[in-house]
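> So the chains spell out like this:
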Amino acid sequence: MEYKYKKAMVIDDNQIDLYIAEMVMATTGFAEKVICVSSAKEALAYLKPLYENPEELPDLIFLDINMPEMTGFDFLDEYQHLPENIRKKCIIMMLTTSLDENDRTQAERNQFVRKFLNKPLDRDKLGQLM
Amino acid sequence: MHDAYLVQIKHKSDRLMNYFLVSFFLTGLLLALFYDTWLVAIGVGSLSLLAYYSTRFLLPRSNAYQYMVSAVFAIFMAQFIYQMHGLFEMHFIAFIGSAILITYQNWKLQIPLAAVVIVHHASFGYLQYIGYDKIYFTQLDYMTLQTFIIHGLLATVVFFICGLWAFQLKKLNEHQIEQNFEMGRFQEEQLQKKALLKSNDELKKSNKELDSFVYSVSHDLRAPLSSMLGVVGLCEMGTLDPFMQKNVTLLKTSIKKLDGFIIDILDYSRNSRLEVDRQEIHFSDLLTDISGNLKFMGADDQRTVDIRTTIRNGVAFYSDKSRIGIILNNLISNSIRYQNPQAADPYVEVIVEVSESSADIRVRDNGIGIDKENQEKVFNMFYRVSSKSIGSGLGLYIVKEAVEKLQGSIELRSEPGKGCEFSIHLPNLS
Amino acid sequence: MYNGQPFIAHPILVKKAITIVWLLVIFSSMAYIFWYTDWKYSLPTPVPDKYHPVGTGTYVDLGGKLPVPGDKPVFLHFFNPDCPCSRFNIPYFKSLARKYGDRISFAIVVLNNKDYTAKQIQNKFDVDFPVSFDSAIAAECGVYSTPQAVLLDATRRLYYRGNYNKSRYCTDTRSNYAQMAIDSLFGNIYRPVFAGYALKAYGCQLPVCTQK
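Residue numbers (the working numbering), protein chains in the order written: chain A, 1 to 130; chain B, 131 to 560; chain C, 561 to 772.
Any given hint could be a false lead.
Below, computed lysine-lysine pairings styled on BS3-like, alpha-carbon distance capped at 25 Å [unchecked claim]:
#, chain 1, residue 1, chain 2, residue 2
1, B, Lys140, A, Lys115
2, C, Lys576, B, Lys238
3, B, Lys140, C, Lys576
4, C, Lys659, C, Lys684
5, A, Lys41, A, Lys89
6, A, Lys125, B, Lys238
7, B, Lys548, A, Lys115
8, B, Lys376, A, Lys125
9, A, Lys125, B, Lys140
10, B, Lys334, B, Lys324
11, B, Lys535, B, Lys335
12, C, Lys726, C, Lys600
13, A, Lys41, A, Lys6
14, B, Lys451, B, Lys334
15, B, Lys507, B, Lys548
16, B, Lys238, C, Lys600
17, A, Lys6, A, Lys115
18, A, Lys125, B, Lys507
19, B, Lys140, C, Lys575
20, A, Lys41, A, Lys88
Calculated directly from the structure, the hints in this document are not laboratory data.
Only chain A is shown next, with the shape it has when bound in the complex:
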């Protein structure tokens, strides 16, 4: 099966949503490997050591906004302090149920966010990205 992307990462505190994302990506051939982390902290911990090994960095990162401890935007604040080769490689998509206009504007203003998507992730939405 031909995969669009080699690796994708999903950051979401909700286990079911992680499961959905993983399954959808797998069945639609979107990404060969899907890394699921349930917090932004874990995501950063995963990414940081990979600056030495950029081929292992995910091509896309799907980021939820509403998470305890560290929100999606907190992650973005930390992200900009990461080494450049990481930031260059990863494309970030915001994935959320939020209806708040401010979230959307803030996300779109952020230089690292490519797109703002509404949950749930499905075949059609992924189709738009391919």
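Once you've looked at the hints, dock chains B and C against the given chain A.
Below, chains B and C alone, put in the same frame as chain A:
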């Protein structure tokens, strides 16, 4: 309030008068000791008091008795002068009386006093002048016309000044009362204003809190729903069994309905509670977003509805972005939901015309339309035309509320089977 | 205004009318009192029953009752402390005495039943004239009321006996009879004819005033 003050002055002055009049009477008795003028002291003195109290008793509501006081002072003066057989200094009683009368704050009370003194002096002086022997008026050498005039002028000056002070006092007190009244009213107004502002602030605060609450609740409700939709989507992808597929579809419909309802509630809360947030509206961007969101909205067995937009911009248009978004979103999604299965090419057309004073938005579709009977009712809360209606019944209600919040107007023209046209007029809040 | 109905007096108007009438009554009474007292004042003292008139020029023998020097004219002031007219007269007499004190011997004759000391009388006038309490002097001079002025020339002959002024409480300088008498005595001019007002004695009766 002015009347109460006048009554207060009257009572205070009346009480004072009682003391003064009794003192004058007693003075008369005291003077009688000098030359045994008892008949005059008791007779005239008590007659004077009788005159005063009779007037007060007979005409209690009039202030004639105050004028009587004035005349009585003059009579006492004459009485004292007589009792002392022409002691000129007794004339000062008239000036004392004049000053006492100031308390009534009525300059006119000086008149009887002055009148009695002048008439008395003039007539007696004249009689003496023509040599009428029987009346011994003055103990000075003789009262020349010149002396008479000088005395008259000086007395007039005293009476005038006392009258003036009485008048000024009255005016001053009236002014004071008015000022106090104004001050009181002003303070009350200030207090009211303060209370209003405070309650306003509190309302705003509670509105914000409520909105926050609704937002949080709706978010927490929607999160599991989106998870459900996701999983249902997985089921859909994972089966070819038509039975399972049908079940899944039905599940999806219900979940979407629930989600739509929660969004409607949030829209309603936002619209009614939040202030109008004035910003420039870019209709093309707005409509692009909405189209993007709604493209895949329709029920799976329905065809995709073509969303056409025509925007005629002239001037910058300012209004509340989120509310306009809600309005357009609801109308367009309605058009998609209620498309006509018979129509060859289902579409919804949005035409926007912006002018300096307003924006006119028309949302036209070729859906199933709304019959005359229901056209007024569709804007009601929770009104659904038929059991086949998919929506929550809140959509058009929210649209109407939002339009009204933006001080605009909305009109519906429709023919069953032909389609609907919503015409919205919004003022430009530039 | 009343459309043919009979005029119905408004209660307030009635009250006002009553008040005005009542006040007029009061003021008339006052005027009457003043007039009455004045009339009383203008009445002369009634002549006592056994009055013995003493004409001018009569020799008045003081008989050592009053220690007055013999060469000057004598002015006798008949005074009763209980008499209001006498009291009123005090300042005037004082001024007279001050004016002529060096040329005339002044003396005061007190006609009163009560006990006054000479010192008390002198204090009233603030003078040191001789004071007598002998009412016989009054009879000798033909005085039957107070206050009266009696002027005896240097030979003790009665020059003037009469009132000080036109009426009890009058101080008109044009009718200062006593003063005129003194002036004429010294001026040696023709003695003025004193009529009615001067000679018809008024004032308090002796010794106790019943009619003031």
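> Is the hinted pair Lys576 of chain C and Lys238 of chain B satisfied, with a Cα-Cα distance of at most 25 Å?
holds (20 Å)
> Are the Cα atoms of Lys548 of chain B and Lys115 of chain A separated by 25 Å or less?
Violated, at roughly 39 Å.
> Regarding the pair Lys140 of chain B and Lys115 of chain A, is the alpha-carbon distance no greater than 25 Å?
Distance ~87 Å between Lys140 of chain B and Lys115 of chain A Cα, so the pair is violated.
> Within 25 Å, alpha carbon to alpha carbon, are Lys507 of chain B and Lys548 of chain B?
Holds, because 19 Å separates the two Cα atoms, which is no more than 25 Å.
> Lys376 of chain B and Lys125 of chain A were given as a pair; does the straight-line alpha-carbon distance stay at or below 25 Å?
holds (22 Å)
> Straight-line Cα separation of Lys238 of chain B and Lys600 of chain C no greater than 25 Å?
Violated - the C-alpha atoms of Lys600 of chain C and Lys238 of chain B are around 38 Å apart, more than 25 Å.
> Next pair to validate is Lys41 of chain A with Lys88 of chain A; report whether the Cα-Cα distance is within 25 Å.
Holds - the C-alpha atoms of Lys88 of chain A and Lys41 of chain A are around 20 Å apart, at most 25 Å.
> Sort out whether Lys576 of chain C lies within 25 Å of Lys140 of chain B, counting only the CA atoms.
It holds: about 21 Å lies between the C-alpha atoms, which stays within 25 Å.
> Just to be careful, I want the Cα atoms of Lys125 of chain A and Lys238 of chain B compared with a cutoff of 25 Å; is the pair within it?
Violated: Lys125 of chain A and Lys238 of chain B sit about 99 Å apart, past 25 Å.
> For the pair supplied as a hint, Lys140 of chain B and Lys575 of chain C, is the alpha-carbon distance within the 25 Å limit?
holds (22 Å)
> For the pair we were handed, Lys451 of chain B and Lys334 of chain B, check the Cα-Cα distance against 25 Å.
Holds, because 20 Å separates the two Cα atoms, which is no more than 25 Å.
> Does Lys41 of chain A pair with Lys89 of chain A here, judged by a C-alpha cut-off of 25 Å?
Cα-Cα ~19 Å, so holds.
Checked against the numbered hints given earlier, the structure breaks hints 1, 6, 7, 9, 16 and 18 and satisfies all the rest.
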